[in-house]
Amino acid sequence: MQKVTFREWSNNYRILDFDCNRLGRPGVDCYCQHESGAAVLQLQFLINEGALVSASADDTLHLWNLRQKRPAILHSLKFNRERITYCHLPFQSKWLYVGTERGNTHIVNIESFILSGYVIMWNKAIELSTKTHPGPVVHLSDSPRDEGKLLIGYENGTVVLWDLRSKRADLRVYYDEAIHSVDWHHEGKQFMCSHSDGSLTLWNLKSPSRPFQITIPHGKIQRDGKKPESCKPILKVEYKTCKSSEPFIIFSGGLSYDKACRRPSLTIMHGKAITVLEMDHPIVDFLTLCETPYPNEFQEPYAVVVLLEKDLIVVDLTQSNFPIFENPYPIDIHESPVTCTEYFADCPPDLIPVLYSVGAKHKKQGYSNKEWPISGGAWNLGTQTYPEIIITGHADGSIKFWDASAITLQMLYKLKTSKVFEKQKLGEGKPSAEIVEEDPFAIQMMYWCPESRIFCVAGVSAYVIVYRFSKHEVNTEIVSLEVRLQYDVEDIITPEPEIIPPFPDASSQLPSLKSLSGSTNTVACEGMMKDSIPCLSVKTRTVRMPPGYQAELVIQLVWVDGEPPQQITSLAVNSAYGLVAFGNCNGLAVVDFMQKTVLLSMGTIDLYGSSDPYQRQPRSPRKNKQFTADNFCMRGLSNFYPDLTKRIRTSYQSLTELTDSPVSLELERCKSPTSDHVNGHCTSPTSQTCSSGKRLSSADVTKSNRRGPGRPPFRKAQSAACMEISLPVTTEVGYISRRAMLQQLHGVSTFSHDERHYAANTWMDKENRENTFSRSRSSSVSSIDKESKEAITALYFMETFSRKNDSAVSPCLWVGTGLGMVLIISLNLPATEELRQTEPVMVSPSGTVLTLKGAVLTFSCLDCMGALIHPPYEVWRDPNSIDDSEKTRKRKLVMYSPSSSQDMGDHQFAVICSEKQAKVFSLPSQTCLYVHNITETSFLLRADVVTLCNSICLACFCANGHIMTMSLPSLRPMLDVNYLPVTDMRIARTFCFTNEGQALYLSSPTEIQRLTYSQEMCDNLQDMLGDLFTPVETPEAQNRGFLKGLFGGSGQTFDREELFGEASAGKASRSLAQHIPGSGGIEGMKGAAGGVIGDLTRARLALDERGQRLGELDEKTASMMASAEAFSKHAHELMLKYKDKKWYQF
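Quick note, the sequence shown lines up with residues 1137 to 2282 if you use the numbering used here.
Derived by calculation from the structure, the hints in this document are not laboratory data.
Treat the hints with care, as some may be off.
Cross-link-like lysine-lysine pairs, in silico, DSS-like; alpha carbons within 27 Å at most [what the hints assert, rightly or not]:
1) 1260 / 1342
2) 1675 / 1555
3) 1303 / 1325
4) 1342 / 1408
5) 1732 / 1675
6) 2252 / 2273
7) 1356 / 1408
8) 1732 / 2026
9) 1230 / 1325
Please build the complete structure, drawing on both the sequences and the hints.
As structure tokens, then:
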């Protein structure tokens, strides 16, 4: 939307157009783009004709056909010698006036898109005595009083009223200040101009020598009676009249220069009242909506559409306080930067009405009570419809649920996770435990179970919140838990090593339940080591929770021995088990959110037990265990997002500079994303440390800590929408590390302690290389012994066989790591519902270990017939219901999906996909039945098991832009399409698949791009598109009296065809403009062939319109016949009355 410089409104069928985006009623939303990519200067509707004229910055006019679902260009006219500055198309005219930078005015026939020989030269329009050029044409409009008079405004302050018939100027007006816009009074006797000094001038045609009135609305009145001081330019003014009240004067800009901090504003002058509406973003343009399309009638304005750089608002003019209309379009999706997305198709049908009902209660007050005025077009559901919901997480901690059914997008419900925490007050003097300086509530991961309505989020400040859905308001305290998740390998030099047992005792496993998350540990001063304190503080008081999602439990990772908690890399919830699991590069935690207890908090290596396939060397000892927050490398969202105004630079230039020049970006596109810039090698699936492993000297550490005390090395978190991958490059090894890619995707830092000091500088240095996307070369498995940490990258609850030779399925948690290892955790649940509330859940590693190549991305489970087994879930019930029977009702658990067989057979298929390959295992034998190496030169960013056409398949999105699908369980490739190379981090973090062959990602900071790889959906897409053009009867002009028309009070029409046609005006020079035929005809045929429903609708409307007009014609004919008979009768009676009288008897 930043390109938009003008837009147009079609009053008859109420369609708004801006920058090739056409908006009508909710659901009618069309986007198209000029092939040249040039900015759009101006748009003009052919009202009630289903066409649009666009003028672009490359001096080309385009005629768009809007009568088809996909608009296409019918004609183009390229100006060769002059630059287009302004266009005007009179109502119900086929001749377009075009003003140029040279000051000339040309005329174009819209039907043929050919220039007329009639030209208004600038030297003919101005007086002969004028010695200077008037400048470009900035305004063109025909007089409401006489269509044969054309008003031409020039930039230097000259306005000319040109008589088109006599080809001469009727009058000229001059003003000292430059003109920005002009608008007529509907009577055609006055017009108003806006100027560069913030003034408005009103001119009367009877006295053009000087302005009738001069006002500077926002200028300060001088005491000595001098002219008010100048203000900022008024960029546009509209002068609209009302029959029953004073006229409206609406303009943008014009504020005083001494108010530099004021936001962009729109001023509405109505009588003596002046109202200034301040906007959140710069104003691109505005347009007043009126009741009539005729310029010579009272305009009766009722709304103002204001296009901002990042929003679209409509102001209600019919109410004195000028409220805005509630916007049905999802233009505010980037109100806070989007950091993650989830997409759910074919979800339970009752979810959308429920979410909408609770979301409507939270909406802001003060909106206009009238319906959205932009209501043109028609949209169709098509034959293939099912509920679809998109969830977006944002940098301010908010979460939005969107209705994405069919092709519409409407916000249903907004959840603010930041309300759970206390606001950090500045200047308290207390030590801060936050790990991000700004936006500490940014959403990093989300997990939603639509059937049970359990919702779980993980934030950038290392916390997890479990939400339950309720239709009733409740006042309650927020329950929180603190988890120590820090893995320490045995220190071989420390005389008394700290050994963390695989299963801590009950006191450490079950921390005391409390209703607050404040730390009970004392911190003496800023320099002391932080330990056992969370990053954020949960509210301690009773909190009112409105209907909707209400916080059930807050889980926070705490600082350990002065080290901050690592960010969460994986998250899973199961409502039937009542468990939530999450992991990071330190290990895994499992929490019972029903009993509010921690069941497991264990390092990743401890999960293996004796089954660890790698012999890992212990770390080097730490010389000093107490170091402050300045030395940690825990990254916030700020390391994902470029912030050119607040870059942190370092004196260490130890990393190779990667430029973002067009040449380098083009080279990146040509290469595989996994190629090595130095050696030309490709990546391997295994992880690699992002630092060279060398230890910095104490002097280097001192240099790295040149920052204020207690100031974490982070910047403001921006949007995932503007992220671009930047990976650190080492000087010794010379390639970009594989592990750095994992850190970018999951938001974690996985370094051993002896690498921490070096990494702190590495992450600051790497911010100078934020525009490249590449991968490391192969690293051998022997490099794993250099790693002390292994990130948890995937979690999945399912009923399956946890060990070989098991005879029955049992609850399990599948764990995938960044090294391609798959571990199965056994879950021993109490046998009955009553015991579940009191008895603890036993969690223990089963000892089963499976291996893949590359970091594990996703799991799934199939029954013996190949049908998808959904994880068990609890049927939703309202926890705060006022109905006693609802409160006491037992939990209803669904252990298997309705589509799968109740007889599960004696074996299952486990589907596991990593970033390199996919495998299908037979359970319980754990035999690998199928394996498919998906890519050797690239890596997968996203993989999901989805349903498509009543079958199950594995959908994958590769970093080289390929979208692939494979059948299950055979892993036979079915689709491999080169769709979109990943050039920035935004796509990598927001891409997700869903059922029915659909996917989405954030294509820009403000737009969500949906795509489909289903042929059925593609075939149905044409009928789902909205119709931009719906025939509407043009309103009749007001009937003017005979005397008013006789004395020039009404508009006078004239024959433009006779004046501008080739017969009288001749042909224009061929070198002036070049006609280019468009492809609109072909596109129209395609649209007609595909949109059967649309054709039938248009044909029916056309028949109805034709029948209505024929009926009106019959009525008029009958009325005329009756009038003729009455006139004949009265004439005959009059003749008989005076037949025998003499002349002197009259």
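Structure-based check of all given hints:
1. 1260 / 1342: holds, 22 Å
2. 1675 / 1555: Since the Cα atoms of residue 1675 and residue 1555 sit roughly 8 Å apart, the hinted pair holds (cutoff 27 Å).
3. 1303 / 1325: holds, 21 Å
4. 1342 / 1408: Cα-Cα ~26 Å, so holds.
5. 1732 / 1675: With a Cα-Cα distance of about 17 Å, the restraint between residue 1732 and residue 1675 holds, given a limit of 27 Å.
6. 2252 / 2273: violated, 31 Å
7. 1356 / 1408: holds, 17 Å
8. 1732 / 2026: holds, 19 Å
9. 1230 / 1325: Distance of about 25 Å is within 27 Å: holds.
Hint 6 alone, counting from the list given before, is not met by this structure.
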